[in-house]
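Chains as they are written, first to last, in the numbering used here: chain X, 43 to 388; chain Y, 43 to 388; chain H, 43 to 388; chain E, 43 to 388.
Watch out, some of these pointers could steer you wrong.
[Stated by the list, open to error] In silico EDC-like cross-links for lysine to aspartate or glutamate, where the CA-CA straight-line distance does not exceed 16 Å:
hint: 1; chain 1: X; residue 1: Lys-62; chain 2: Y; residue 2: Glu-347
hint: 2; chain 1: X; residue 1: Lys-112; chain 2: X; residue 2: Glu-258
hint: 3; chain 1: X; residue 1: Lys-62; chain 2: Y; residue 2: Glu-346
hint: 4; chain 1: E; residue 1: Lys-62; chain 2: H; residue 2: Glu-347
hint: 5; chain 1: E; residue 1: Lys-48; chain 2: Y; residue 2: Glu-117
[Said to hold, decoys possible] Pair by pair, the computed Cβ-Cβ distance ranges are:
hint: 6; chain 1: E; residue 1: Thr-148; chain 2: X; residue 2: Glu-61; range: 46 to 54 Å
hint: 7; chain 1: H; residue 1: His-119; chain 2: E; residue 2: Gly-67; range: 56 to 64 Å
hint: 8; chain 1: Y; residue 1: Gly-243; chain 2: H; residue 2: Gln-106; range: 49 to 57 Å
hint: 9; chain 1: E; residue 1: Tyr-374; chain 2: H; residue 2: Asp-320; range: 50 to 58 Å
hint: 10; chain 1: X; residue 1: Gln-69; chain 2: E; residue 2: Tyr-374; range: 48 to 56 Å
hint: 11; chain 1: Y; residue 1: Glu-64; chain 2: X; residue 2: Val-357; range: 21 to 29 Å
Calculated from the structure, these hints are not laboratory results. Cβ atoms here follow ideal geometry from the backbone N, Cα and C, with glycine treated the same way.
Number of protein chains: 4
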Amino acid sequence: MVVVMKPDATRADVEAIVEKVEAAGGQAFVSRGVHRVIIGLVGDIEEYAALNLQAMAGVSRVTQISSGFKLVSREQHQERSVVQVGSVSIGPDTVTLIAGPCAVETPEQTMESARMAQRAGAKLLRGGAFKPRTSPYAFQGLGRRGLEILADVRAETGLPIVTEVVGAQDVTMVAEYADVLQVGTRNMQNFPLLQAVGTAGKPVLLKRGMNATIEEWLMAAEYIAKCGNLDIILCERGIRTFETATRNTLDISAVPVVQRLSHLPVIVDPSHSGGRRDLVLPLTRAAIVAGADGVIVDVHPRPEEALCDGPQALVAEDLHQLGRAIEDLTAYMGRTTVDRWHRRAG
Amino acid sequence: MVVVMKPDATRADVEAIVEKVEAAGGQAFVSRGVHRVIIGLVGDIEEYAALNLQAMAGVSRVTQISSGFKLVSREQHQERSVVQVGSVSIGPDTVTLIAGPCAVETPEQTMESARMAQRAGAKLLRGGAFKPRTSPYAFQGLGRRGLEILADVRAETGLPIVTEVVGAQDVTMVAEYADVLQVGTRNMQNFPLLQAVGTAGKPVLLKRGMNATIEEWLMAAEYIAKCGNLDIILCERGIRTFETATRNTLDISAVPVVQRLSHLPVIVDPSHSGGRRDLVLPLTRAAIVAGADGVIVDVHPRPEEALCDGPQALVAEDLHQLGRAIEDLTAYMGRTTVDRWHRRAG
Amino acid sequence: MVVVMKPDATRADVEAIVEKVEAAGGQAFVSRGVHRVIIGLVGDIEEYAALNLQAMAGVSRVTQISSGFKLVSREQHQERSVVQVGSVSIGPDTVTLIAGPCAVETPEQTMESARMAQRAGAKLLRGGAFKPRTSPYAFQGLGRRGLEILADVRAETGLPIVTEVVGAQDVTMVAEYADVLQVGTRNMQNFPLLQAVGTAGKPVLLKRGMNATIEEWLMAAEYIAKCGNLDIILCERGIRTFETATRNTLDISAVPVVQRLSHLPVIVDPSHSGGRRDLVLPLTRAAIVAGADGVIVDVHPRPEEALCDGPQALVAEDLHQLGRAIEDLTAYMGRTTVDRWHRRAG
Amino acid sequence: MVVVMKPDATRADVEAIVEKVEAAGGQAFVSRGVHRVIIGLVGDIEEYAALNLQAMAGVSRVTQISSGFKLVSREQHQERSVVQVGSVSIGPDTVTLIAGPCAVETPEQTMESARMAQRAGAKLLRGGAFKPRTSPYAFQGLGRRGLEILADVRAETGLPIVTEVVGAQDVTMVAEYADVLQVGTRNMQNFPLLQAVGTAGKPVLLKRGMNATIEEWLMAAEYIAKCGNLDIILCERGIRTFETATRNTLDISAVPVVQRLSHLPVIVDPSHSGGRRDLVLPLTRAAIVAGADGVIVDVHPRPEEALCDGPQALVAEDLHQLGRAIEDLTAYMGRTTVDRWHRRAG
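Isolated chain X, as found in the complex (with noise of 0.2 Å):
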């Protein structure tokens, strides 16, 4: 942490800060300047937020110079990490597709959405069985039945269920069912949620809040990690902008930058950040030459009866199209879209 004195700061203004931090047992570097000092803090910081320096006397501004998360830094854990969901490899070997219906709506339409999404390529069933939606007065999800659904759908594909829980109660009660957790973007900042999910025994997909800056998605990441569960996929979606074109404006750049900062891998959703169908494959495409671990998208057998962003939803014909796309882009950045039990078999 750095601490820059104002102007007008006295010497003792400046030594009562020494003595705290020190009293503290952090170390103060004082730089003197010929406008103003600034004192550089050594040691832990959230021991010097405790001490709220800010509110000294001649104090102009305390800036923090390390980040906050630790367990979910590269700079603790310099090899990026892989998250493995049953014979699926989540990281940096790999691109791994995740697809399938924004709501669980009917065992046929899930089953024809897995179908679809196995057929693209997909390595995991994405169906939401809680839906949290703006308006109290639109679909919200069939509930445990859609996890009946979904459990139904991977005993009869194989493929293993992403799936949003919406709060920490019933963390339990999905995780009966789900193999990944999913936490949205409202909920990013949901604290007992977080800590729920990070005991739960399962790996967690982490949207990041859709007014989410960077630093404030890996420390939501770091709750998680906190509580001992350090199998994070990290999903970039879309920020809220000024823009209105698009639903979200997606973060392109957040994939590069994240994966410098931390070890976690990190996926890209081109259906909800731009909210619209023909955006997915050029975004999707995108995703993959920015160095994203995976891709996931909605699809629907019949996007114009989805009770749930149909407007999104790709169809059988584009999923060709995207499926080869991944395959091409995957091999052009040197990644493989074969998971592991194929990989030994192969």
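Starting from the known structure of chain X, arrange chains Y, H and E on it as the hints suggest.
Relative to chain X, chains Y, H and E alone:
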């Protein structure tokens, strides 16, 4: 709702829409122009949402015309509402000051803060026992012990308590102690929590999400109202923008805008929006003359020792000036800061 | 400036920085911590910018500590400035109302608007002869003919004129007519224009860019000041955010924030920020008690016929109420709306 | 356009609108619903804008349905355009690399940069002689001397020149040297400049304003087109958001979105959007597979000595990899990087 067709939409495309709408019991009015056709829909917008017209052939855009909120809407309920907390009326005739420490730390600090608040004219005591913090390493609040401290302070000062609840599973417990349940900015779209406070039998203070549009905020209030609880106080607390000089940007226009759209009372949090002590007084003044029904501010006997948000807390000497400004400008607005009980007594 | 080294920076990396800084005549103070080294630099920040330290080996981040503006900075000039326009003083002791039509359309409309403005207490007349419009098909203003109309109206009413100049090449011509040269939001970083108004010998009203940080806005003022013109009135007019209920989001906090950073007067434009007539009165009240040194509002005798921004223009019946609110709240703030000439006379 | 009436609008209010529209030669279609009336207007939107229907009695909202741009619109011109610069074709069949130093500093640095660019496959040389800088104390460019250096380098390398013009008054002079006139992000709504480049007889590279919606960007292009110049290359260069890890947020979705709305070519600037050298390669790859018609990047022989934006400039060793990626992904997209002259020759 209005359906705008593409320039190349066929007559059959238009007819298909009209049929679908009429089959659902609605009405569709076709306006044929030189370049394109517009179809006006009359009826229930939720039904139309389920029709998924966006996905039909020839459709360029579907635009919602009416708002999606009803119970909290002023169209449905012309007169502005009053939320009653004990003897305190929050509504169009009063300006209510809510003050207290950001976090409950000790019995002494809470009692001192409450006394400060009361001397400044506060009618309600705010104080956090559960603190949602960006970092898992930051102070998370005292939990139930904090609630007990608040209850003790209430017993001694007579000030009703506003305190935050951070998860649906805690609502019953927090409601045992709280007079008003606060839903924080990060939880504005935590739908299980909204539903839980909707049935808890206590008034709710609903902070605007720092990334939420006014429409989304009112939809969040609608969730609570739909569960049977219309005792909702809306709280503008700043939105996230590119400006970095302040913690967030207080959207002062939101006060009159929301009051035209909704009958619910709207208060302002000048402490969290600016994040700076020196802004609390000017922003409080601005809030009152913009028409706010109250303000909620952080106070602390010794901000330099605060475990949370010290830089924005007011100290004793600030509060006299704040209380005076609130008195003066409340009178200017033709309102009163005196609660009902006192008025009756007076 | 502060240079933060990477955790793996070598001793040689650190020494290279120190040498480069000292060779440039500056001073570098090294703080060695457990995890990383911080180097505090003392001296002229522009020189350091040219050193391009960010590009040197081992550097993680270079953070600027002092602000880049000087001439407009309050650190350099503690007392708040007054800008004098004829007999009108804009500064800390007064609240000045500037009013007039968004665009000059006809002599009659301009004169009627000026009379309306004057009756409401306006001391300066605003009116656009050159209109920067998003669409090339929208009304672009009357040009020089508009300036002549403004000059005629000034001759008759005695109101000095504030009018916009949209390009450096027009400054000399517009300055022949204008008493205050306005630089609009879209031109806040039109640097040739800033330099031209900096030497035009007339006060400048500099609107904040709708996308500009406060620091960038003050840097734009610094451009004007550096050309020798310190008669600058800053005008907050709303920033662009994700909220769509208002045209822009009035950043009311900017008023006190800028007044702490700069000695220049700051006024508020409640018409363009909200874009709605019904918001002008509450936002004007908010501006004055937030400490604004004035407000600038759109008026029009018949807004339904306005060629530009009709929906936000005040009409005659609004103005009485507005003038009254300005009087009352100006007095409350311990200021006056009366100009120097009248005060001397009174 | 669609006029939505208030719930309490009278029959007379509706008739007044219909009459006004018909008097102006337009057509109005009335849709009466249970709660409110919607009026669809058919005809020319500019005329309707002048009618100022928003201000009429009973009107709740006026919504624009068609876009305001025409000449640059794809609705009017289905086939995507090619902009020809010498032998270089920028359009749907090619991916064009434009590279060079952010600022022209010396003949040597410019020549070295040009050689670097050329070796990497650049077909056009970028370089700034006039630099719009946030601070008046920062390096502002060499002016005409810089243009002369660029012309000399062109004579030696054969690379056509893209260079920025910052004011309308400079357009004629810059056009004497430039092959493509660049309008920078801060000048996207500098309307006199847009009009001046619209008649300068040279292709224009129009950067998106960092705060501009896609619609505003296309309206800015429409200004140029309306002056008779349709040789416009659009350049996405990042928008301003709350994220601070990158200089701006590259809006990668803008590439396909704009290509659906407009026939003009769209290129991407991965250097200025991210502001970090390590992001240039992944963002370039993303741009190409999102469908961009080219990329424009900063290079510098010695970024640590650059007078402008050194941290984002590529060096020689980066460029080989960049050129290779562009070749590979251009081929993947079924396009070519070879210009027409070479193709003819080949």
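Hint-by-hint comparison with the structure:
1. X:Lys-62 <-> Y:Glu-347: Between Lys-62 (chain X) and Glu-347 (chain Y) the Cα gap is close to 12 Å, so the pair holds against 16 Å.
2. X:Lys-112 <-> X:Glu-258: holds (13 Å)
3. X:Lys-62 <-> Y:Glu-346: holds (12 Å)
4. E:Lys-62 <-> H:Glu-347: The given pair, whose Cα atoms are some 12 Å apart, holds under the 16 Å limit.
5. E:Lys-48 <-> Y:Glu-117: holds (10 Å)
6. E:Thr-148 <-> X:Glu-61: 46 to 54 Å: The hinted range 46 to 54 Å holds for Thr-148 (chain E) and Glu-61 (chain X), with Cβ atoms some 52 Å apart.
7. H:His-119 <-> E:Gly-67: 56 to 64 Å: Given range 56 to 64 Å: holds, Cβ gap about 59 Å.
8. Y:Gly-243 <-> H:Gln-106: 49 to 57 Å: Since the Cβ atoms of Gly-243 (chain Y) and Gln-106 (chain H) sit about 53 Å apart, the hinted range of 49 to 57 Å holds.
9. E:Tyr-374 <-> H:Asp-320: 50 to 58 Å: holds (55 Å)
10. X:Gln-69 <-> E:Tyr-374: 48 to 56 Å: holds (54 Å)
11. Y:Glu-64 <-> X:Val-357: 21 to 29 Å: holds (26 Å)
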